[in-house]
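Residues per chain, in single letters:
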Amino acid sequence: MSMTDGDPVIELSDVHKIYPDAQRERTVLRGINATFRRGEFVAILGRSGSGKSTLLNLLGGIDLPSGGDIRFNGLSIANLNERRRTLFRREHVGFVFQFFNLIPTLTVFENLLFTLDLNGVDRARAQRRVEELLSRLGLSDRGDSFPDRLSGGEQQRIAVARAVAHRPSLVLADEPTGNLDRDTEREVLALLREMPKRDDTTVIAATHSPEVAGCADRVMRLQDGTLDGAQS
Amino acid sequence: MILARVSMRNLLRHPWQSILSIVGIALGVAVVIAIDLTNESARRAFKLSNQMVAGQATHHIIGGPSGLDETLYRDLRVEHGIRGAWPVVEGRLRLPDHDGQRFTVIGVDPFAQTSHSAIHRSTRGLSPTELLSVHNAALLADDSARRLGLTIPGELRVHGAKGDHRLRVTATVSSDNALENQALRAVVITDISTAQVVTGNVGRLTRIDLELNDPATVTRVRGLLPPGAELAGSAARGNALQQMTRAFEVNLTALSLLALVVGMFLIYNTMTVSVLQRHRQIATLRTLGVGDRELFASVALEALTLGALGVVAGIGVGIVLSHQLLGLVAQTINDLYFRLDVKQVSVSAWSLAKGIALGIGATVVAALAPALEASRVPPQITYTRSGQESAARGSVGRLAWFAIVPCVAAAVLLLLPGGSLYAGFTGLFFAIFGFALLTPALLLLIVRLAHPWLARTLGLIGRMAARGVTESLSRTRVTIAALAVAVSATVGVGIMISSFRTTVEHWLVNYLRADLYVSASGSANGVDPGLIRRVSQLPGVKSITTARWTNLDGAAGRTQLFVLDAQSEAFENFQFKDGDAASAWPRFKDRDAVIVSEPYAYHHRRGVGDTVVLRTDRGAREFEVAGVFYDYGSDRGVVALHRDTYDRHWSDPAISSFAVYLDAGIDADDFAATLQDGVLDGTELTLRSNRQLRALSMDIFDRTFAITNVLRVLTVVIAVIGIFSALMSIQLERGREFAVLRANGFTPRQLWALVTTETGLLGLAAGVLALPLGLFLALALIFVINRRSFGWTMQVWLTPEHFVLGLVLAVAAGLLAGIYPALRLARTPPSFALRHE
Numbered sequence: 001m002s003m004t005d006g007d008p009v010i011e012l013s014d015v016h017k018i019y020p021d022a023q024r025e026r027t028v029l030r031g032i033n034a035t036f037r038r039g040e041f042v043a044i045l046g047r048s049g050s051g052k053s054t055l056l057n058l059l060g061g062i063d064l065p066s067g068g069d070i071r072f073n074g075l076s077i078a079n080l081n082e083r084r085r086t087l088f089r090r091e092h093v094g095f096v097f098q099f100f101n102l103i104p105t106l107t108v109f110e111n112l113l114f115t116l117d118l119n120g121v122d123r124a125r126a127q128r129r130v131e132e133l134l135s136r137l138g139l140s141d142r143g144d145s146f147p148d149r150l151s152g153g154e155q156q157r158i159a160v161a162r163a164v165a166h167r168p169s170l171v172l173a174d175e176p177t178g179n180l181d182r183d184t185e186r187e188v189l190a191l192l193r194e195m196p197k198r199d200d201t202t203v204i205a206a207t208h209s210p211e212v213a214g215c216a217d218r219v220m221r222l223q224d225g226t227l228d229g230a231q232s
Numbered sequence: 001m002i003l004a005r006v007s008m009r010n011l012l013r014h015p016w017q018s019i020l021s022i023v024g025i026a027l028g029v030a031v032v033i034a035i036d037l038t039n040e041s042a043r044r045a046f047k048l049s050n051q052m053v054a055g056q057a058t059h060h061i062i063g064g065p066s067g068l069d070e071t072l073y074r075d076l077r078v079e080h081g082i083r084g085a086w087p088v089v090e091g092r093l094r095l096p097d098h099d100g101q102r103f104t105v106i107g108v109d110p111f112a113q114t115s116h117s118a119i120h121r122s123t124r125g126l127s128p129t130e131l132l133s134v135h136n137a138a139l140l141a142d143d144s145a146r147r148l149g150l151t152i153p154g155e156l157r158v159h160g161a162k163g164d165h166r167l168r169v170t171a172t173v174s175s176d177n178a179l180e181n182q183a184l185r186a187v188v189i190t191d192i193s194t195a196q197v198v199t200g201n202v203g204r205l206t207r208i209d210l211e212l213n214d215p216a217t218v219t220r221v222r223g224l225l226p227p228g229a230e231l232a233g234s235a236a237r238g239n240a241l242q243q244m245t246r247a248f249e250v251n252l253t254a255l256s257l258l259a260l261v262v263g264m265f266l267i268y269n270t271m272t273v274s275v276l277q278r279h280r281q282i283a284t285l286r287t288l289g290v291g292d293r294e295l296f297a298s299v300a301l302e303a304l305t306l307g308a309l310g311v312v313a314g315i316g317v318g319i320v321l322s323h324q325l326l327g328l329v330a331q332t333i334n335d336l337y338f339r340l341d342v343k344q345v346s347v348s349a350w351s352l353a354k355g356i357a358l359g360i361g362a363t364v365v366a367a368l369a370p371a372l373e374a375s376r377v378p379p380q381i382t383y384t385r386s387g388q389e390s391a392a393r394g395s396v397g398r399l400a401w402f403a404i405v406p407c408v409a410a411a412v413l414l415l416l417p418g419g420s421l422y423a424g425f426t427g428l429f430f431a432i433f434g435f436a437l438l439t440p441a442l443l444l445l446i447v448r449l450a451h452p453w454l455a456r457t458l459g460l461i462g463r464m465a466a467r468g469v470t471e472s473l474s475r476t477r478v479t480i481a482a483l484a485v486a487v488s489a490t491v492g493v494g495i496m497i498s499s500f501r502t503t504v505e506h507w508l509v510n511y512l513r514a515d516l517y518v519s520a521s522g523s524a525n526g527v528d529p530g531l532i533r534r535v536s537q538l539p540g541v542k543s544i545t546t547a548r549w550t551n552l553d554g555a556a557g558r559t560q561l562f563v564l565d566a567q568s569e570a571f572e573n574f575q576f577k578d579g580d581a582a583s584a585w586p587r588f589k590d591r592d593a594v595i596v597s598e599p600y601a602y603h604h605r606r607g608v609g610d611t612v613v614l615r616t617d618r619g620a621r622e623f624e625v626a627g628v629f630y631d632y633g634s635d636r637g638v639v640a641l642h643r644d645t646y647d648r649h650w651s652d653p654a655i656s657s658f659a660v661y662l663d664a665g666i667d668a669d670d671f672a673a674t675l676q677d678g679v680l681d682g683t684e685l686t687l688r689s690n691r692q693l694r695a696l697s698m699d700i701f702d703r704t705f706a707i708t709n710v711l712r713v714l715t716v717v718i719a720v721i722g723i724f725s726a727l728m729s730i731q732l733e734r735g736r737e738f739a740v741l742r743a744n745g746f747t748p749r750q751l752w753a754l755v756t757t758e759t760g761l762l763g764l765a766a767g768v769l770a771l772p773l774g775l776f777l778a779l780a781l782i783f784v785i786n787r788r789s790f791g792w793t794m795q796v797w798l799t800p801e802h803f804v805l806g807l808v809l810a811v812a813a814g815l816l817a818g819i820y821p822a823l824r825l826a827r828t829p830p831s832f833a834l835r836h837e
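If you read the sequences in order, they're chains U and R.
Start counting the first sequence at 1; every next residue gets the next number (my numbering).
Start counting the second sequence at 1; every next residue gets the next number (my numbering).
Source of the hints: derived by calculation from the structure; they are not laboratory data.
Honestly, I wouldn't trust all of these hints.
As the list claims (entries may be wrong) - FRET-style restraints, in silico, Cβ to Cβ:
{"hint": "1", "chain 1": "R", "residue 1": "Arg456", "chain 2": "U", "residue 2": "Arg221", "range": "53 to 63 Å"}
{"hint": "2", "chain 1": "R", "residue 1": "Arg827", "chain 2": "U", "residue 2": "Ser151", "range": "25 to 35 Å"}
{"hint": "3", "chain 1": "R", "residue 1": "Ile819", "chain 2": "U", "residue 2": "Arg221", "range": "30 to 40 Å"}
{"hint": "4", "chain 1": "U", "residue 1": "Lys197", "chain 2": "R", "residue 2": "Pro15", "range": "39 to 49 Å"}
{"hint": "5", "chain 1": "R", "residue 1": "Ala391", "chain 2": "U", "residue 2": "Pro8", "range": "38 to 48 Å"}
{"hint": "6", "chain 1": "U", "residue 1": "Pro8", "chain 2": "R", "residue 2": "Ala357", "range": "52 to 62 Å"}
{"hint": "7", "chain 1": "R", "residue 1": "Val405", "chain 2": "U", "residue 2": "Gly143", "range": "35 to 45 Å"}
{"hint": "8", "chain 1": "U", "residue 1": "Lys197", "chain 2": "R", "residue 2": "Ala357", "range": "52 to 62 Å"}
{"hint": "9", "chain 1": "U", "residue 1": "Gln127", "chain 2": "R", "residue 2": "Arg398", "range": "43 to 53 Å"}
{"hint": "10", "chain 1": "U", "residue 1": "Thr226", "chain 2": "R", "residue 2": "Ala391", "range": "31 to 41 Å"}
{"hint": "11", "chain 1": "R", "residue 1": "Asn744", "chain 2": "U", "residue 2": "Pro8", "range": "52 to 62 Å"}
Claimed, not checked - Here are some of the chain U residues that sit facing chain R, going by a computed Cβ distance under 10 Å:
{"hint": "12", "residue": "Asp63"}
{"hint": "13", "residue": "Arg89"}
{"hint": "14", "residue": "Val93"}
{"hint": "15", "residue": "Pro104"}
{"hint": "16", "residue": "Phe146"}
C-beta atoms are modelled at their ideal positions from N, C-alpha and C, and glycine is treated no differently.
Let's have the full structure, built from the sequences with the hints guiding it.
As structure tokens, this is what we get:
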């Protein structure tokens, strides 16, 4: 698949994000227009505080834009209420965080089961899916372990698997390798490239890392609230 | 669902926090259930004894203090054909050969049988001749005969009004019903005339029981009654009697609810801290698509799990506790109200259901805010502890302003004239809630004031400890409020009890001015007037006053009469609240005026110049109130009248007690010894010196408040568990921060000092906050609750020990709560804490 041949999954038109500060308003995103297509891996580069995480939050329906529109498969996310946006995330979005954020009170197996369970996948199918993911990660023997017993690399691999377990249309990764050493970063990146591809999932990763940018289908730069290379 | 597993595992990850919360709510529920079971058991015992007395009777004919003429019964039955009528003679007697055990003698008509359900059923198989064929025949319960080691037929020596009598126990009786058997335990059944002889009431009946099922017959019987007799419905009469203990029960229930409220604070605090600590995890869940309602339900489920476990444990502890409290409650009812034989806790499903509903309800209410907080956590993973704390500090002002609402509600409910007792307690709880809302602002103020002193005395550690308190406000504010409320309750109740005690002591000093008191110890036997004459002729006796204590029972309840035969000097022992001795005396002595005690005036809304209606032997009659006097002997109130007035309207020559005033220079102890050996020996009378009687009164006072003290202690225990749990979790949460300190050169000892200084400072703040609230509670208890419950006026006596004790208690709780986390944190290698946080 080339970088332009997928259908548009998510489209941003003139998206603004302004945070009201105590003294004055802070504009983080200024009129962003972008389209992300099915199955592509996009890296968004930018300095700390450039608004990368804000952009991901808007794409995932975690936050709402101050202006403009974000459409997911034609549906305006900005017009959804809190409950509908939660259900949208639950069904269509997977998240990978810099600090893994696995649920500490659930085992590895249960962490992977979590989004399937939320989406009402029947227990037998969900278990088969988790076993398949664990086997692909080579962590089948760690299913009963709690996250704090795993290394950072193992935790992030599980986090990637959790993000794709329910086969979402979109995976949003916020500095997915920011907390890992070089070798582990490569392992996780390979997973992040390979796992969503099977389901034609779009991956958008906010990163500082040239390694991540290096393996993306498309690299965009966020600077001064605008996105360079936004047109695919 | 897997989310439920997240909740349950969260509880299991912090087992101590969970266990302490369960213990807290369990104790709260246990106290509520124990008090309810105890009250319920007392009520049940009362109903049982009332039912045993009333049996199938729907009405009773009651006379004055000397009962009814027995001819009334004969007239009703024979002349007027009222068949459903049973005569009853009842009295107290003692068994001299069996350690002076006290029994009730009940005289029944073997041919008319009896309305007494227990006696009726137990004597069903017996022929009337069992009681009539033998002189002084009597029946005993199987169990009593066994207990006394009596062979049947056998002889039983009893001591009644006029001395010893030998009864012939011809048969034993028993009932199929266990409760009725219990009611028969201390009863001797005889025929009417034997009972009359034994009780010294020949020709008199205690009452006549009736079964009247149509209103026309009721009206007819009422028309047949002589003056001085009254027809009362048995249920209404029982209710009126039971109402006497209502205020006492309400006070106990309110105190037990306070324990539950403190338990509620605990659940609220545990859940709030838990939500705050898991802010990042909750945000992750939100990001992954968990909805606000699911998060709300998840936190509520955690709270309900803790609550349910606490309730289950609370039921068990409550039942055990109720067995311990029953004796204290029964003692108080016997000391203050009426004779009640209650030894068994009857565990009613209703009491348990109330306890369960209150426990679960309290948990749900306490968990609402934290569950709402969890559901409002935004999905952004931008958690900062400092953000939470600045939000908490930001809300301090709003909370303080909002405190105005419950404070105004409290003021209205407490100060509104004529408000009910329930309104008073609701006001008190509003005041506590308002105070809890003010706590964060006051806590910040106290720490700000303490900061310079801490910095001067403890240097860096002092500054860090002060900062640590304000930087943990989101976690500490509820804990401090809960501890402050519990400590203030102990300070407030302590001040109230000691003020009450001192007031009573002062009152007794003025009221009990005679040197010696001789009483018939509550038996109906009374004091022989001849004996009083002999005593009055003894050298050294200056004067004697006699008293008759009796009750006028009626449909509207019981009126206690205090009949005093005294000269004007003794009358001056009364301390008047309304009116004065000089103007009241002539009317009291010669013009049929009465004086009433303060509680009587309060409950019946009577003052000087008003009248009270009393049922005399010649019918109901109005008596003018000449004064209202302070009296702390009865919370329902007393009507006092002169012996001459009493004799003019009642035919009851009995004397209950007499007081001896000695000439100056006569040693009361020497005279008491002479009196005991020379005159009172062999009688049933009890001689007490002024000092002994005062000591006895104070013993009764202390016994009355024994249960209050137990509840106070339990409330403080719950609060200490709360602060222990909360402070422990707060300190352990900061493991990484402390590990950084250790890594940078803080010694374990310095860490220990920092943690305990911080928790000690929190305890101190709670203690300081508890003092004004404690004083407020004391004033509200003295001037509102006590007044609306009992109608007593008390002087406020403030002594430093209550305040010092409250402060020490709070600081000790804080320090104690800091010891474990301090030890654990000091022993944890910093590398371990840094790695695992």
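Structure-based check of all given hints:
no.	hint	result
1	R:Arg456 <-> U:Arg221: 53 to 63 Å	holds, 56 Å
2	R:Arg827 <-> U:Ser151: 25 to 35 Å	holds, 27 Å
3	R:Ile819 <-> U:Arg221: 30 to 40 Å	violated, 56 Å
4	U:Lys197 <-> R:Pro15: 39 to 49 Å	holds, 44 Å
5	R:Ala391 <-> U:Pro8: 38 to 48 Å	holds, 40 Å
6	U:Pro8 <-> R:Ala357: 52 to 62 Å	holds, 57 Å
7	R:Val405 <-> U:Gly143: 35 to 45 Å	violated, 53 Å
8	U:Lys197 <-> R:Ala357: 52 to 62 Å	holds, 57 Å
9	U:Gln127 <-> R:Arg398: 43 to 53 Å	holds, 49 Å
10	U:Thr226 <-> R:Ala391: 31 to 41 Å	holds, 33 Å
11	R:Asn744 <-> U:Pro8: 52 to 62 Å	holds, 53 Å
12	Asp63	holds, 7 Å
13	Arg89	holds, 4 Å
14	Val93	holds, 8 Å
15	Pro104	holds, 7 Å
16	Phe146	holds, 9 Å
Hint compliance for this structure: hints 3 and 7 are broken, all remaining hints hold.
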